[in-house]
Amino acid sequence: MALSKGSGAPRLAAGKGHPLGLWHQLRELPLVPMGAIALLLVMAIAAPLLAPYPPTEQSLLDRLMPPFWIAGGDLLHPLGTDHYGRDVLSRVIWGARVSLSVALVAIVVAGAIGTVVGIIAGYFGGFIEIALMRVADAFLAIPAVLVAIMLGATLGPSFENVVAVIGLLYWPRYARQVRGETLAIKGSDYVKLARVAGCSSTRILATHIFPNLVPSLLVLASLQVGAAIILEATLSFLGVGIPPPQPAWGVIVEDGRGMLASAWWISLFPGLAIAITVLAFNLTGDWIRDRLDPKLRSR
Amino acid sequence: MATDAPLLELTDVRKHYAVSGGPLGLKTVGAVRAVDGLSFSVRAGETLSIVGESGCGKTTTARLILKLEEPTAGAISFEGRRLDTLDAAGLRHFRGSVQAVFQDPWSSLNPRMTVGRIIAEPMIVQARLSRQDRQDRVAELMTQVGLRREQAELYPHQFSGGQRQRIAIARALSVDPKLIVLDEPVSALDVSIRAQILNLLKDLQDRLGLSYVMIAHHLATVRHMSHHVAVMYLGQLVEIAPGRELFRRPLHPYTQALYSAALSTHVGRPLSEPALKGEIPSPLNPPSGCRFHPRCPHALAECSASEPALVEIEPGRRVQDCSCVRRLISAAAK
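Residue numbers (this note's numbering), protein chains in the order written: chain A, 1 to 299; chain B, 1 to 334.
The following block holds chain A by itself, in its conformation from the complex (with noise of 0.2 Å):
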């Protein structure tokens, strides 16, 4: 009803009302990640504007220069170029294109299978939530890299095939994590009184259960984000991931792989930029849940 505008938004404990409050909060913002991401997000957006060269033009005269600050290299091709005469500085920039999408759609398909999931074993129990479980529990147990390798060379190369990989691999760890917080939810004294009150439990899952889901969810994604990248990393890498001319950042590492001794520039930008978005969706993730756990937050 209009009385309640946003009533799924968390409210930020410090800060309302406080005369100094904004400034708090932005105090107690993580800013060099969340910085980071906004770089990589800038970067995966704009990048046809930012990149200087297309990320697949070949240059072959150009082959193997080093980065600008090194004898033979270019600010023509500032992070040098690959065995193929290709801009690392373009690749690495649409590579972030390739990769924080190939994550993010991923993370959102996991999740929403897991919550669905989650959701209904932990709702409505019984033999459903026992199969269901037993089902998430069997996948917890295969090492996921393992079963990615498999399914992604049984599935060929495609960014479709790699979302639906770690999709599949990812959403058992939503399903615990739903499952546990609904059966604490469905406990609570304010859903009992939803059912006094005459509340289906379509309304009660809409208006009570996922509403208090929200906060968990936004902290197990960021905190899987990092974690996707790294497997979709792995897989371009090995060659069952995203197709090679495609510039993702583990094939931009794989490129380069023959040739780290001679032209270490191929493989470190891209292996750089993997580290940096994993540390800093790592650091926002951990911020965030330090903020919303509602675990940290009643006490």
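These are calculated hints, taken from the structure and not from any lab test.
Wrong hints could be hidden among the right ones.
[Said to hold, decoys possible] Think about it this way: if two alpha-carbon atoms lie no more than 25 Å apart in a straight line, the pair counts; the simulated SDA-like pairs of lysine to any residue are:
| id | chain 1 | residue 1 | chain 2 | residue 2 |
| --- | --- | --- | --- | --- |
| 1 | A | K186 | B | R43 |
| 2 | A | K186 | B | E150 |
| 3 | A | K192 | A | G126 |
| 4 | A | K186 | A | L292 |
| 5 | B | K67 | A | E57 |
[Stated by the list, open to error] Listed next, with one range per pair, are the computed distances between beta-carbon atoms:
| id | chain 1 | residue 1 | chain 2 | residue 2 | range |
| --- | --- | --- | --- | --- | --- |
| 6 | A | V108 | B | R128 | 33 to 41 Å |
| 7 | A | R134 | B | D190 | 45 to 53 Å |
| 8 | A | E160 | B | A89 | 14 to 22 Å |
| 9 | A | A184 | B | S282 | 52 to 60 Å |
| 10 | A | A275 | B | E69 | 35 to 43 Å |
| 11 | B | R128 | A | G126 | 32 to 40 Å |
| 12 | A | E28 | B | K27 | 48 to 56 Å |
| 13 | A | L218 | B | E69 | 30 to 38 Å |
| 14 | B | L86 | A | S158 | 32 to 40 Å |
| 15 | B | D206 | A | R134 | 27 to 35 Å |
| 16 | B | D190 | A | G126 | 26 to 34 Å |
| 17 | A | D290 | B | L284 | 51 to 59 Å |
C-beta atoms are modelled at their ideal positions from N, C-alpha and C, and glycine is treated no differently.
Let chain A serve as the given structure and place chain B on it in line with the hints.
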């Protein structure tokens, strides 16, 4: 105010929880008799208080009345209709007529809903009202329970315990219920706030003609607002009487023990009865005969032999017909 037909009636209601055991947990090895043969009725406009120690089955009783759980045996009727045979329309009517306020004001309000939305929820489900009508009603309810109407936009964590309990009461009132089940409505609150909330409940009852079933573990809490008081021990009633009668002359030894516990905090009043010793026995394996005999200060040898029945000794007053009770009554008569 009170009419003769009972609003709520429980007839020999039992709730047993199966306890599983065995190596795979598939065998039923026993039953917890949380509620074991409960009969009482509540008339319109009246308050029935159910008093007893933790674990005596009073909260289970509340949940059975609210149809959050189904009884193992026996019947619960509301307005003469059995709850277990209600059709969809009947259930809808029941949900709109019986509301509840629970003990813990911190877990009974959804932290992600505004107060206005929490109060309006039963109306959204039960009544076809326009948004404007609903907002007006929420504002009216909030004033009625002593909150300000502007507070409808706030979230529960911005309120104190007493205020949260007021919100819970406003929500319960929103659909004009006939009966409100109050499950220890003040026991989680500061002592200084308790009287305020109890007075509010009393006022609302006088104004709106509500019936209450109030659960409490202290006789002192229910003293000033109960028309009838039922004392429960291990899933059974040991005594049920009009409030004034019960406080004037508690008959069952357990009621006397609760009564002296309630009075022992009063300065200058000597303890007239020995305080209760020991723990409440397990409802998984209740004592034979009178369930209270292992802790009863007046227990006789025959108390453990046969299970005493609840008998009516005065109009509206029933007590377990235990040998020691009979002796106490005749001793008092002399």
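Status of each hint after checking the structure:
1. For the proposed pair K186 of chain A and R43 of chain B, the alpha carbon gap of about 33 Å is over 25 Å, so the pair is violated.
2. A hinted pair counts as satisfied when its Cα atoms are at most 25 Å apart, and K186 of chain A with E150 of chain B does not qualify at roughly 30 Å.
3. At most 25 Å may separate the alpha-carbon atoms for a hinted pair to count; K192 of chain A and G126 of chain A meet this at roughly 19 Å.
4. Among the hinted pairs, K186 of chain A with L292 of chain A is consistent with the structure: their alpha-carbon atoms are about 20 Å apart, no more than 25 Å.
5. With a C-alpha separation of about 71 Å, the suggested pair K67 of chain B and E57 of chain A falls outside the 25 Å cut-off, and the hint is violated.
6. V108 of chain A and R128 of chain B have their C-beta atoms about 37 Å apart, which keeps the hinted 33 to 41 Å range intact.
7. Evaluation of the 45 to 53 Å hint for R134 of chain A and D190 of chain B yields a pass: the beta carbon distance comes to about 47 Å.
8. At roughly 50 Å, the beta carbons of E160 of chain A and A89 of chain B sit outside the given window of 14 to 22 Å.
9. A hinted range of 52 to 60 Å is violated for the C-beta pair A184 of chain A and S282 of chain B, which are about 27 Å apart.
10. Between A275 of chain A and E69 of chain B the Cβ separation comes to about 55 Å, which falls outside the hinted range of 35 to 43 Å.
11. Here the CB-CB span from R128 of chain B to G126 of chain A is close to 35 Å, well matched to the stated 32 to 40 Å.
12. Roughly 55 Å separates the CB atoms of E28 of chain A and K27 of chain B, a value that falls within the hinted 48 to 56 Å.
13. With their beta carbons about 35 Å apart, L218 of chain A and E69 of chain B fall inside the hinted range of 30 to 38 Å.
14. In this structure the hint that L86 of chain B and S158 of chain A lie 32 to 40 Å apart at CB is violated, the actual value being about 56 Å.
15. Take D206 of chain B and R134 of chain A: their Cβ atoms lie about 57 Å apart, and the range 27 to 35 Å is violated.
16. Checked against the hint of 26 to 34 Å, the pair D190 of chain B and G126 of chain A fails, with Cβ atoms roughly 41 Å apart.
17. Distance hint check: the CB atoms of D290 of chain A and L284 of chain B are about 43 Å apart, inconsistent with the given range 51 to 59 Å.
Checked against the numbered hints given earlier, the structure breaks hints 1, 2, 5, 8, 9, 10, 14, 15, 16 and 17 and satisfies all the rest.
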